[in-house]
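Colleague: Chains as they are written, first to last, in the numbering used here: chain A, 1 to 243; chain B, 1 to 243; chain C, 1 to 243; chain D, 1 to 243; chain E, 1 to 243; chain F, 1 to 243.
Each hint should be verified, as a subset may be incorrect.
Copies of the same chain look alike in the list, so a pair counts if it fits in one copy or across any two.
Claimed, not checked - Restricting the straight-line Cα-Cα distance to at most 20 Å, the calculated cross-link-like pairs of lysine to any residue (SDA-like) are:
1) Lys160 with Ala24
2) Lys160 with Glu144
3) Lys166 with Pro237
4) Lys166 with Gly118
5) Lys90 with Ala189
6) Lys166 with Ala19
7) Lys232 with Glu29
8) Lys232 with Met39
9) Lys166 with His195
10) Lys90 with Ser162
11) Lys160 with Arg170
The set of hints was computed from the structure by calculation and includes no laboratory data.
Below are the chains, spelled out letter by letter.
6 protein chains.
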Amino acid sequence: MRLHVVNPNTTATMTAKIAAAARAIARGETVIDARQPAMGPVSIEGFYDEAFAVPGMLGCIREADRDGADAHIIACFDDTGLDAARAVAKAPVIGIGEAGFHIASLVAARFAVVTTLGVSIVPIEHNLRKYGLAERCARVRAAEVPVLALEERNAEALDKISAEIKAAIRDDRAEAVVLGCAGMADLAAELARIHGLPVVDGVAAAVTLAEGLIRLGLSTSRLGPYAAPRAKIYSGPFAPFQP
Amino acid sequence: MRLHVVNPNTTATMTAKIAAAARAIARGETVIDARQPAMGPVSIEGFYDEAFAVPGMLGCIREADRDGADAHIIACFDDTGLDAARAVAKAPVIGIGEAGFHIASLVAARFAVVTTLGVSIVPIEHNLRKYGLAERCARVRAAEVPVLALEERNAEALDKISAEIKAAIRDDRAEAVVLGCAGMADLAAELARIHGLPVVDGVAAAVTLAEGLIRLGLSTSRLGPYAAPRAKIYSGPFAPFQP
Amino acid sequence: MRLHVVNPNTTATMTAKIAAAARAIARGETVIDARQPAMGPVSIEGFYDEAFAVPGMLGCIREADRDGADAHIIACFDDTGLDAARAVAKAPVIGIGEAGFHIASLVAARFAVVTTLGVSIVPIEHNLRKYGLAERCARVRAAEVPVLALEERNAEALDKISAEIKAAIRDDRAEAVVLGCAGMADLAAELARIHGLPVVDGVAAAVTLAEGLIRLGLSTSRLGPYAAPRAKIYSGPFAPFQP
Amino acid sequence: MRLHVVNPNTTATMTAKIAAAARAIARGETVIDARQPAMGPVSIEGFYDEAFAVPGMLGCIREADRDGADAHIIACFDDTGLDAARAVAKAPVIGIGEAGFHIASLVAARFAVVTTLGVSIVPIEHNLRKYGLAERCARVRAAEVPVLALEERNAEALDKISAEIKAAIRDDRAEAVVLGCAGMADLAAELARIHGLPVVDGVAAAVTLAEGLIRLGLSTSRLGPYAAPRAKIYSGPFAPFQP
Amino acid sequence: MRLHVVNPNTTATMTAKIAAAARAIARGETVIDARQPAMGPVSIEGFYDEAFAVPGMLGCIREADRDGADAHIIACFDDTGLDAARAVAKAPVIGIGEAGFHIASLVAARFAVVTTLGVSIVPIEHNLRKYGLAERCARVRAAEVPVLALEERNAEALDKISAEIKAAIRDDRAEAVVLGCAGMADLAAELARIHGLPVVDGVAAAVTLAEGLIRLGLSTSRLGPYAAPRAKIYSGPFAPFQP
Amino acid sequence: MRLHVVNPNTTATMTAKIAAAARAIARGETVIDARQPAMGPVSIEGFYDEAFAVPGMLGCIREADRDGADAHIIACFDDTGLDAARAVAKAPVIGIGEAGFHIASLVAARFAVVTTLGVSIVPIEHNLRKYGLAERCARVRAAEVPVLALEERNAEALDKISAEIKAAIRDDRAEAVVLGCAGMADLAAELARIHGLPVVDGVAAAVTLAEGLIRLGLSTSRLGPYAAPRAKIYSGPFAPFQP
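Bound-form chain A, shown alone (with noise of 0.2 Å):
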């Protein structure tokens, strides 16, 4: 099976490690196509990022899906134009932040999430007050480490969630932690060991779960709001992104 996972900025290096990490994690029988768009920005940090990430993170999904992708993941943990992309891809579609959210709620009660910047809290807790699972979730907390800083492992950034990972056990009660980065992959196991819990990588349960969907023979519903999007003309860039 081939899994299409598109890393929405535009720096080659994280679209590496995320494929790593993909592909540490993936079934042997199944293909991970890594890509990522030439437009965008370079990280994703906050709404106005996400804005201008999404259009080629749909040109990337829509490519993919004509080359026969069985499943698409959006290795953003804003899960960054997810709701476009299941409308426009025949495959299914799935964003790293709610994988994360879904594995960790079958091993914890309760959850907290430990992100990058604090411009980020809010959009993930919209995000899990949209999928339903805010209650399940203790607390988003932010590291304050920049996305790009986490390209290579450092002392640092390692500490510094390692200390949000620390109160949200002691004052949130949380039993299980969400990292909140597609660039903290590398950090998961680490993390577990050192606070004995399980922490989850939004990557890793994404690749789980677009595997089980294919098994299942699955896709996204017609039915709604992921309906195929009517004939329009688009203009300007985007024309060939036309429905």
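Position chains B, C, D, E and F relative to chain A; hints supplied.
Modeller: Same frame as chain A, but now just chains B, C, D, E and F:
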């Protein structure tokens, strides 16, 4: 005062109609500066269209902000790109969806929304939940009238919308109705007269709220998710949108 | 247009202060008609005071309505008697509490309220839940300053309120603050400057919303709980209030 | 023990009916002290009537409290003035609305309310939300029978209420019904027999809860919104109510 | 009237203590029939213990029901097996957890729970959400005192519980406290005196509610989830429990 | 990997059917170890049956856990005993109800559940609320088909379930359907074809989620309610279940 009203789709006749509706309600001293993006879809019906309308719309916001707009109104009932616009604009930003919900809440304990197509029901429900006003909304109904069919007055569209209002009063205990599309702005008065209840047009509602915010000297808080975007590189057609 | 602002307590100096705050924000063409009931308590602090403020306040509403008021504002942050006033007034009615919450929602994802005494926290929380905006409110805080201590500027009151705002930013992730008493109207600008976030005064907020409703030609729906009261006998001092 | 039951409207025949219902359920040792205010409306139908019933009702509460009442029951289904009464009474206070909801919650997972007029639906819904029990209530229905039409048994009123109960079972999945007016107290047994489900009369429910609170030695907490009102001047007919 | 109080664990001394607490509050004419199952755990601390306490407890319920119990009380704060008991008992059934929550709701706008071990916090929170009363509960706290440590008065346990009540008042704005274990029944009066707020013991609360339901002639509705179980074969030690 | 699937009722033919459904979806390398308890009811329909199914089911969980199961699936749609199983199993545990809800959330904004008997609607609603996913579920419907009637394909059962799906699409705006009984596993594909929407079978969904958790190396957190049960004495047939 200078009020920027952006129609996030590329249909100029619709921009004109929205501008007329805005001017009809605006104070004498208010200048309505109506804009539309050069890039994006001709109408916004569902999540996919929204995604491609946002970048161009944000361009209008930034330009109008530099041109001295005292407030911005996003004239699409899905409040397309509202959060991103708030992060980047110096002046306050209001979506016509939220404007309609807030104003309806002042004249009714319980309101209904009548929008264009069924594909927009869930996006509007997501917004209601995000704004916290979901409990005030009895139901979001769709008249199954495409956005562009509203460009000129037509009896069939009016009848379909009217039938949904009737059903909302009878079945949903709606005390007021919010019209769920900028293109319905010219129908509010007639529908209010026919059905004997407050009918709120989001464009007009947003104009009065924007004039109010300006007068109050209030603009978007920078303390949370609407902090100014961090400087970073944006590639492709989005280069000029670099924060 | 004629805007009736009723101070539901019997303290004339507070009425004057509220009227001044209203006039400072109102449009040139708006006449502020400030009233206060002859019967009732000198200040409203908690449920018991509210109960006795309402009948006199409703008398003011009815008289001003007959005198041609285009809208009414109830200038007590508990929105004392708001529902009853809506049922009896021809013109629309706005409470300064709800006005503050709605306006704050337009400039922040998450706001805090700073009110006078702890005894008012639960009444305000009840309102937030009733309006549907509880999720937008991070926390209702009390500065433990009695209402009448706010009659004239005093440094101690300002300090206490300021300390609560500081705590709201630090501990509650508040992005904006709503001042929870009509008597704080004159402090908003200063507190906004000190703390660098939007500070909303309910009186000013209500004036702009009321002007907006008038302009929109909207008044309270008669279809639900605000239908005109049925004719019936009222005994005692309430005889003249017979519907 | 001495149980004060206040009918917040001025209709003496209704007070007598309520007193009879209370005595029918009360223990042998319980003295029912039924009162009604001298001032206020003849019946309570909606927010406006509520506002004018409260001051007189609070007078009854205070007098009965001084006369040694061990508990108070407010015998109007809207729980008119309940919060204010709690703040001022030494003895515990129970509303028949909340009593009905709590008791119904003990015999059914999901109940419906059948009240008199449509104008009372929203006030009851507000209370359900305030008490936290909204999720337990399938729906609030109105039989469109005015309060005073219930003063004497009449077949038409019974039929209308019965029709709503039938609909609640069939359409709302109601497992129990709470009768939404003190004037329906005498119909509960008959309606339960007809429809084969628990039918809760708020007056009777409140008597048993009040007897329970007395026995438990519990009264209203003074730590929060029900702290004793601060001493202050009340003008007009309310002077004697000064806290 | 005959009131069956079942202690769902197998510790006879605890049953005796619970019976004493029930008798202390019950009316003169009420006979307290206290039972405990022969099979199951010696105490209930968390979900696993609950699972094994239920079958034996249901046996007690069925036997007492046949012996003519007029109502049943399940004397474990987790309301262990309450739903199943309702389905099978002719007489009404009350859990001491729900009893505590309902009674506390009548004397405070906001209460806290102080239970034994942290492992019970989530089960209690689940119940609060199921009952609809989660919003009334400020917080569920654990004193970290094992259930059986409460068998006899001990200063250390009292101190730990007392410290949590103090914290609940100071940090959670609790106005009343519900003691979260049947074994704490004898501490309520003392803790109320120390902290000056209503302290609710679930056993006593349940006795008064049960006496009330009996008096009201109300029992569990058969229309929904509490319909009599369908006849079917039960294997193993459960054969006698066959419905 | 070794996947333990426990049918919590004692009907061996149903266990065989569930095992077949699990094997049909499981990976080649996954061994399905299907078990059923020796004690308990032949089918689970409502709260009473659940109570007696749990102890035997937990026995299966403990044995399979000792036998080296990598994950457990509880194959009853009520997720019977799920919380207790999590506390005692070393390997992660998934209920087919929650599995169905989580998977449906990935392919639809809004799903409906079609279960067997009306008596199961409230237990399922309780779970949805507990999991936080209640808002995603449009409605829980019952086809009024007893569990054991599903043992072999029968046209009548299929028709009844099909009729409910049709109603869910038409009346509830359902975009996907979750089949609310392990015994419906073999109908999913056919019903999806007939109605043109995703139909989720909980058994298959749970198999893919369990395989995912195993791959992710995640198991139940021990920090909260799922901490290992404290050692204590269990009497009667439960002695061997002593923690």
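Colleague: Taking the numbered hints from earlier one at a time, note which ones the structure violates and give those numbers from smallest to largest.
Modeller: 1, 3, 6, 7, 10
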